Every structure is written in structure tokens, then in C-alpha cells.
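Novice: Sequence:
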Amino acid sequence: MEPDVCIETSSMIRVAVLPIASIPPLLFRDYAAMLLRHDTVSLNAISSFYTEHQKSPFAHQPWESGSLRFKFILGGSPPSPWEDFQSHRKILAVIGICHCPSSPDLRSVANQFATACKGYSSSLVQRCFAFCPGDSQLEEESFKGSNLLLFPPADRQTQEFHLQTMVQDIGASLLMEFEKWVLQAESGGTILKTPLDSQASLSSEEVIKAKKRRLGRAQKTIGDYCLLAGSPVDANAHYTTALDLTRLTADFFWYAGAMEGSVCALLMDRMGQLNPVLEDEVKYRYNSVILHYRKSFIQDNAQRVSPLSFELEATLKLARFLCRRELAKEVVELLTAAADGAISLIDASDKLVVYIEIARLFGALGYHRRAAFFSRLVAQLYLQQDNKLAAISAMQVLAMTTKAYRVQSRASSEPSNDARQTSTDGGKMHHHSIVSLFESQWSTLQMVVLREILLSAVRAGDPLAAWSAAARLLRSYYPLITPAGQNGLASVLVNSAERLPLGTRCGDPALPFIRLHSFPLHSSQTDIVKRNPSRDDWWVGSAPSGPFIYTPFSKGEPSHSTKQEITWVVGEPVQVLVELANPCGFELMVDSIYLSVHSKNLDAFPVSVNLPPNSSKVITLSGIPTKEGPVTIPGCIVHCFGVITEHIFKEVDNLLIGATQGLVLSDPFRSCGAAKLKNVPIPNIMVVSSLPLLVSHIIGGGGSTMLYEGEIHDVWLSLANAGTVPVEQAHISLSGKNQDSVVSVASETLKSALPLKPGAEVTVCITLKAWQFSMMDSDPTSSKGVLGTLGKQAKDGSGPMLLFHYAGPLANSGEPHMGSVPPPGRRLIIPLNICVLQGLSFVKARLLSMEIPAHIGETQTKLLQMENDHSEKANSSERQADKYMKIDPNRGSWGVRFLELELSNPTDVVFEICVSVDMENNPKISDKESLSYCTCAEFGHRKTRIDRDYTARVLIPLEHFKLPILDDSFFFDGSQISGASRSSGLSEKSIKAELGASIKNLISRINVRWQSGRNSSGELDIKDAIQAALQASVIDVLLPDPLTFGFQLAGSSAEQSADINLRETADSHVNYCETGGAILAHNMTHMEVIVRNNTKEIIRISLSITCKDVAGENCIEGDKATVLWEGVLSDITMEVPPLEETRHAFSLYFLIPGEYTLLAAAVIEDSNEILRARARTKLSNEPIFCRGPPFHVRVSGDA
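To convert, count from 1 in the sequence shown and add 2; that's this note's numbering.
Result set (EDC-like, lysine to aspartate or glutamate): computed pairs, CA atoms no more than 16 Å apart in a straight line: (1) K846 x D1023; (2) K57 x E188; (3) K1098 x D1043; (4) K73 x D41; (5) K73 x D6; (6) K285 x E332; (7) K195 x E85; (8) K195 x D86; (9) K846 x D1026; (10) K73 x E10; (11) K753 x E763; (12) K1025 x D920; (13) K1098 x E1142; (14) K1110 x E1157; (15) K73 x E4; (16) K753 x D539; (17) K390 x E454; (18) K846 x E904; (19) K771 x D742; (20) K1025 x E904; (21) K753 x E730; (22) K1002 x D1023; (23) K629 x E574; (24) K945 x E1021; (25) K1002 x D920; (26) K619 x E589; (27) K1122 x D1111; (28) K285 x E335; (29) K945 x E914; (30) K945 x E904; (31) K214 x D199; (32) K532 x E567; (33) K771 x D1023; (34) K846 x E902.
Since the hints were derived computationally from the structure, they do not count as laboratory data.
All figures in this text were calculated on a predicted structure; none of them were measured in a lab.
Throw the hints in and build the complete structure from the sequences for me.
Specialist: Listed below in C-alpha cells is the structure:
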């Protein structure tokens, strides 16, 4: 049998193409390729070379449309024993190819060609083509008369034309030889035999049978030559005659051959006219051919040679003719029958050809798995031959089956979009793609195929193919291989690598399994931020390259890209984390592994790794970007088992997806005990030009700064440019928790140092203030002390962060192109690790009221006259004299309010406390009413020392905050009170809101500062405690009474004796009496009561004056009165103008020396809303009663 047969094979002229002399193989293949292009020569083209010596037996030769078909056999072939049965099996022409420069002796070439032609006795034409002869060879005449033809040196096109002419000449010569043979055969005497005919001496009966059959066989052979001559009509006529004769003589074998020839003639005659009718005719005739071949076998079953091969060959010819998808069922039946018949073939070569043809036809139908099955049968037949060439053939055949069995080598397969895809689907794999790649039910069969490939590669002496097969077998089916088998495959890998040159690459990776673990993003020190050159705040609206999807440092803008974007900088090292797994039972030594960069703009650094059996490891692969542009990193380059391979991340991702869906045997990472890792898609990586790089460190140490709560401390931050580009823009901002703890940042120092050149350094001062310590800041598991608190502070990250946004020049070199993207900037995040230690512990705060009546002292106090206009100068002097508010019992006070703070020191250091009150910028006081606020900006008290484990109380006087005027601005926030609003009444809610604002203003001006040692100082945060203490009494603290009362001596009495001076300051509510001597009994003492209106409206009052003795009894009225008076002391009606005083004179006559108390009281008539709000009453008809403080008067006896 012969491979690649078809129905039209019977019309092809076989031509042996032989290399002559010492022609190089490459040149022989090149010349042969030119010759193979001329496998069809039209009869019209050879007519000029054809000479008709006598009438041609081909009466119906189609000179206009017919052609001669050649089948060039490189290297020739041995003669077939079936040449008489099928004439197309004969070698009818021999063409030799010689290269003259390699064979200068042309006579020797001619002799060698003549010798080679002797092996082909059936050849009718011989030609030897000698290419590229030299000048001397062209002139040589020694080869004249031989079949040697010289092709002078010329271009390729000229040589091909010359060669075509020579082939046409050969075609004409063959046609004339066919005519001679046919004419000779028709004259009789031709004996035709096949191996089926008996080789012994013929009996008389057999001789008679042979003579009868000779005519039919001769007609069949003449028909064969008519087909070879390109005359199908003549051939059909002879085949018809042969069919009739062979049928009569029961020569079924030759009958089948004639029928085959008639089908070929039919197709040649109707070339290009294929239709269902013709197709049915071909099927009918070939079924008859197959049947008669089978009959010839049945007739003589004792024959030495079986015609089964011809039956199978006819079956394959019909299957090839019908090989279309719509006729797949019929073709499969034919191929199945051929496969069954091949089992009975005696010759292994025939069986090999049958399996090859069956595999080819199944493949043409698209039945790749059936084709792969028969290809494996072919390979097994090759492997039964113990020689290297057979092993090479087996390896090549098995390589063609790997695609059908899904075990193909990556080098032989087409580039897979699944393995190297860079689409925006985030690395997702469709289900049908996974099924096509992994079919676990084929595992055993796939292992067998790979084992056969490995065995054939070892026999063929191909170490690279053996390494590839062992790598695929070990990588894909390690769970089904015993530890001993795994070690054996590892030995095959090592032994094969020893026979390969150093640095050999293979497309199929072995171990380890490598998957992408993560891309470490930029740290807070090297964040990259997109730059908007059209804005001063160029960093706003751009997300940093940090590790978080959302960060509080930028605006939350939607991202339109589903893949992560990473920016790398030229010249700055980058890292990629990958995870390696060795699921086998031997130690794996990876000589080197580094990133595979297809974009050629990153220098990767190799590392070596040792993986113990059944283990996994996460390693860091690094590199340095070399130029701008996108970076493509599909996987890693691994040097292991002596060969360099590329491991693709996507292939392992697909493997893991298949493992989760049960489509592959095992997950190599989970089998090694690795943690489950989410699929990490390869991000979009872009390399940008060089950028500046600021490196920071805290001068004096980079640890936490330990501060007591409220402490103010300066931190010096050093910034150095470690990049190769200067810093031209810089901005400092705050973020994170407790931003109020950063009092100031010397940003001007940084800006003045710009541009900060590479290697330059600048120092920035940062002023910090520790926040209030809370119980949440302490670690309950730690012991009391600094270390426990420090650990908690550093852990919760409660400190603020400094954000430095900086950038280099807009263009590194030259002018920027229009529309070009400027280089990005950077963001440096510096966490200020502040450890707040508990300092002074606040215990409680409370409001105290002190009432000390004024006494008449023996010391003469300077008399201060109060003018009626209450000039600004008088008030200022008054406040300045009393700004320290020292309470003297001899001076007295009434209703003075103090804020008491109780502080504890639980630390190991000593604190000194100083209380100060800021009296500036009171929002409730206008320029004209500011009184003493502008001159008395702040008052302070002496320091209070608090030793360790002790407590102390600090008093803060509140009289300094008393407002000088009671008006509606306090209740209505400065708005005018219309008549309608007055009638509607004050809202309690509005009052509370204004009270809250006022008390916050009061609290903000009270400062409690502390100092410990030389350098530690701060401020105690007690605002919440003060607010809670003052919340209930804020009206009494802030607002003055509507009326204030005082007494003083009047007229001559003031010159003769002591003067009583009532003085009410804006800082306090304390009234006291100053005197220079004593009041005498039995003398008329003239006095005045002074009533001051602290509102902006007229107040009508009914005034009463009372004098009481030591026992508290009224000593003016009653039968036992001891004081006589002159004037009106009760129901005194008067009007007090706004912000002015009204005086009422009276005289007292003391009968008995002693201690007396003067009291003034008044009832306000027609009260307005302001007065009712101050008195905390809502009834409009309810009277408002005002009482002044008591004044003690000491009356002495007679002089």
C-alpha cells in the first residue's frame, strides 16, 4: 500500500528525482522545490515538443483541455511487484539534479546518473539537470550525447522558466513512449502477472486460463496508459472492454482494477462537474470495486499474497472522495471498515499506511480525537521498530496528537489569548474555555500519550523533546504519579538538560507553580499623584498610588477602569510578590527566577530559591525601570532543571479556576498548605520619567514624641531630596486625627528653599500641642507607667499626619509638547507619633459664692469720687485699681463668685499651675462701652505648686466678666426688639442658646497653664468642666443687676468724718465701704443713697431705706427705735435715667454707739421684658424687687 492515495492517483506519472554526485542537501531541496511546482503540464504546452511518428493510438487526445500529471518522488522508490497490475506504480521517468560547482567533472556526473537509472528499468525518459555550470563546463564536450542538461547561471525566474521548458520536453517524450508501448501491446505478446498469480509451473488448465485472461488484462493496462497520457475517453473505452473480458474469465482482481481505472477516467472527463448523480455513480462503482477485491480473496484463500491491501486502498480512496461534513456518516463507516480490515494485514508497512490514512481522513472531517487515536496506533507501530529513524517518526506523529489530547507543547501551539490576554475583564475566564483546557476524565490517557512521547524522544535522541514531555507530565499529572515516579521524571529532566547546550530555552514550564501574589504599592513615603498644571493645588482630585481604594486625602471620584493602575518611576527599584509551590516529593532547586518583561523597559534581577518537598513560598522579585512607557509582565523566567522556561501567571490562574470547579486534578498551592489567595489581576503599569524623592526624618529620633496632655513642644523635621530631579513645587497640609494638636508648621521655610536640588536638605519646625488624655488612651493590660501608654498610643495611630505634596519641573528637558501629560507629583505622608501621657488629673470644678459685708476699717483708704457721667477714664482707673481682686475682710464683698478647680498630680514630676484670664475682644462690649477691657488685657495669679500624689485647688474670680449694661442684646443676639416681639415674650430656647454662646466665650478666655521642669510646659484643657460648673449660674455671673445701690456721706459730714464710698466695678458685684474714721453718736449724719440704672431705659422705682442694729432688728421704726432720721426713708418714688445715677439725701441721728447695717431696696414699676427675663419671671403684672448689699456702719461714742 501507498500513502496519500486517491482516485486520481491512477492518472499520475511517477518521476523519480535523484541527487547526483555531491550536491548539498539544502541546494537539492531548493532545486526540487522549483521542480515540484510543475506537477501539471498542459498538452497544449508540449505540442511543440511532440512528434507523431505514426498514427497515435490516443484517438481522442484532448490537446486543448487535457494535461499530463506528474508525481515527483524525491529520492526515488524501489520497484513495486504490482507494476503490471497498475501502471501508475511504475517509475516512468528519472530526473537527476546536480550542482556543477560541487561536481566539476561532468563526465563523472553523467556516468553516475546512468548508473542510478539502471535501478529503474521501467523508466522511459531520463534527464539530468546540472545547475550553475562554470564557463569551462559550458565549453566541455565530454558529456555530449548523454542525458545531461546544463542550466546556465541566471536569476531565479529565468531558471524556473528554463526548468518548465525541460519538464514540457519530458512530458512530450513520455507521451511518445506511451504511444509506442500501446501500439506494441495491441499487437499482442504482452504477458502481465501479479504476485497473486502462481509462480510454479502452470498446468494445462492454468495455461488455458492464463491465455483467456491475457486479453482482458492487456486492455486494462492499455487503459492505464491512456489515463497517464491524459486521454480519459480512450482509457474508458479500453476499460470497458477489459471489464467485459475479465468478467467472462472470472478474473475478479483485474476486473476490480479496471473498474477503478474507469472511475478515474470518468472523473477526469468530467473534471470540475461534480454533482450528486456523478457522486452516486462513483460510490456505486467503488462499492463494486471493493466487492470484487473481496471476491478475489475468497476465491483463492490459500494464496501467499492477499489482495486485502487493495480492498482497503479502494475503501480509503472512496472515503477520501466523499470526505465532507455532510457525508460524515458514510465516511466514518468506510473508515471503520478499513480499520477492522487492517487488523488482518500481514505486512506491517501496509497496516501503518492504513492507520495513517484513516487518521488523516478523520482529521479532515474534524474528528480530531479519532484521528489522534489512529495516530497513536501509527506511533506504536513505529516504536515496534528498534531504530532511531522510527523513533523520530513516532515522536513526530505523537506530537500531532497532543492538541487533540490537550497535552500539546506551548511551542507547537498557537499563541493562546487565554494565557496572555490583557483585556479589561479583570482576568476572568469563561466556562467553555476552562473545559476546553482541562478535562480531568482524560488524565490517564493524557499521561499515556506523554509517556509515549517521552519514550520516543529518548529513543530518537532528542533531549529537548524529552525534557518537554517530562516537564508536561510532571507539571500536569503530579497527583497521579508516585513519589518514585516523580523522582524518575526529575532525573529525566536533569539528564536531558545535561545533553543540551547551556541557556537552552523550552516553551513548556516544569516546576515550580508560580502565581502572582501581589504588587506592593508605593509606601506613604513615595506615593505618586497625578498633576494638574492648570491649578495651584495641582494634587486636588487625583487619587494617590497608595494601597487603599479610598483615601481621605483626595476627592472620591468614580473610576472608569476596572483594572488597577500602578505607576513606576525610571531608576527607582520596584518589587513584585509571587508565590512558588512545589507539590512533589523531592526538593526543588530553582537556579534563578526573575520577572518576564515583554516591553523591554525594565531590568529584572534574578534570585535563587530552594523549595522543600510539598511546600510553598512567597518571594519578592525586583527590578529597575529603564525607560518610559507601559510595562507588560505576563509571568516569570525560570531556570530550573538546567533549562530556561517562561511561566505565565494567567495559565496558573486558569489552573486554579479549573481546580475550584473540579475540572483539574488538584490545586498545587492548597496541596502545599498555602493560604487561599484571591485571583490577582495584572494591573496596568506605566513607567514615568524620573521624579524628585523627599526623604524625611525627625531630628533627635524617629520614635514617638512623649508629651503630657496640653504640653506644647517643637519638633524639627529634616527633608532631603534623594531623587535626581529638583523639587520645584511643595505644599504642606494636615490629615488624620487630632489635627488641632499641630499648632504651626514652618511651611515658609520649605518654600523659601525651593527649588530643592538633588542632595539638598531643609529643616522645618513643627509646633505640637498634646491633646486631652482619656481613659481610652491607656492600655488596660499594661502596667501603670510610660511604657504601657506609649504602646497604646503608637498602636491606635491617634496622632495627626503631615502631607507634603511636591513635584519637579513640568518638563524634564526641552519645551513640553502640546497635549503632552506632565510628569506626576508625589505625596509624602509623615505620621506625627505623639504619645500623650497623663499629666495633671482634673478632679472636679464647682462654683463658689462669697459674701463678706463691707467693714469700716481703721486704715484710711483713698477716696475715689464717681462722676455722674461714668466717664471712660474713671471706670478704667477703677478697674485697674481692682484688677487683682484680692478680697480683704476689712473691705468686704457681697455676692462674689469664684470658680474652684480641684487638680490632682498622679505623675512622678512636680507641676506649677498658673491661672490667667484674657480680657480682650469681648463681643458684647462696644468701643464706647469697653471700659477697662482695653487697658486690662489679662490678669494673673501667683503660681500654685502641686507635688506628686497631691491635689490642689485653684480659684478663678468671675467678677471680671460681669457686663456693664443689661440690655436686650444678650437675649436677642444684637437684634432690635420690635414692639411685636416684645409683646410676644422671650423664648426660653433663645435664652438658653445665648447663654451657651456667652459661657463658651467666657470659658475660652480662662487659661490654666502648667510647667514642669525647664522645658516641659503646656495648658490644661478644662473647658468642658468649666462649662458644666457654670451652666446653671451663667446669668448671675455675666449679667449685672438692673439697679445697684450705694451710700455715701453728704455735705459737711463728709468733711468732718468718714465718708462712705460705695463703688461697683464692672469686674465684680462687690460693694464695700471705705472710711477714714468713725461716725459719732448724738450727731446728725447727712447721707445720700445712690441708685444707678444699668439698663438703657428709664426705670421707675419705689425706694425704701432700712437701718438695722446688731441683732438684725429695725432700729428706725417702732417704740424702741435707737436711730432718728430726717427726710423720707420709705416709698420714695423716683425715675432713674438710663445708665445714670439718682441720689436721695437723708440724715440719721444715732442715739447709741455700736454696729449698724444700712440696706436699700426698691420695687420696679412697669417692668419690661428685659427686667422680667433677668428676674426670671414671666408674669407681666408681677412686681420686681431689687435689694442692695448690706453696709456696716460703726458708730462711736461722744468725743
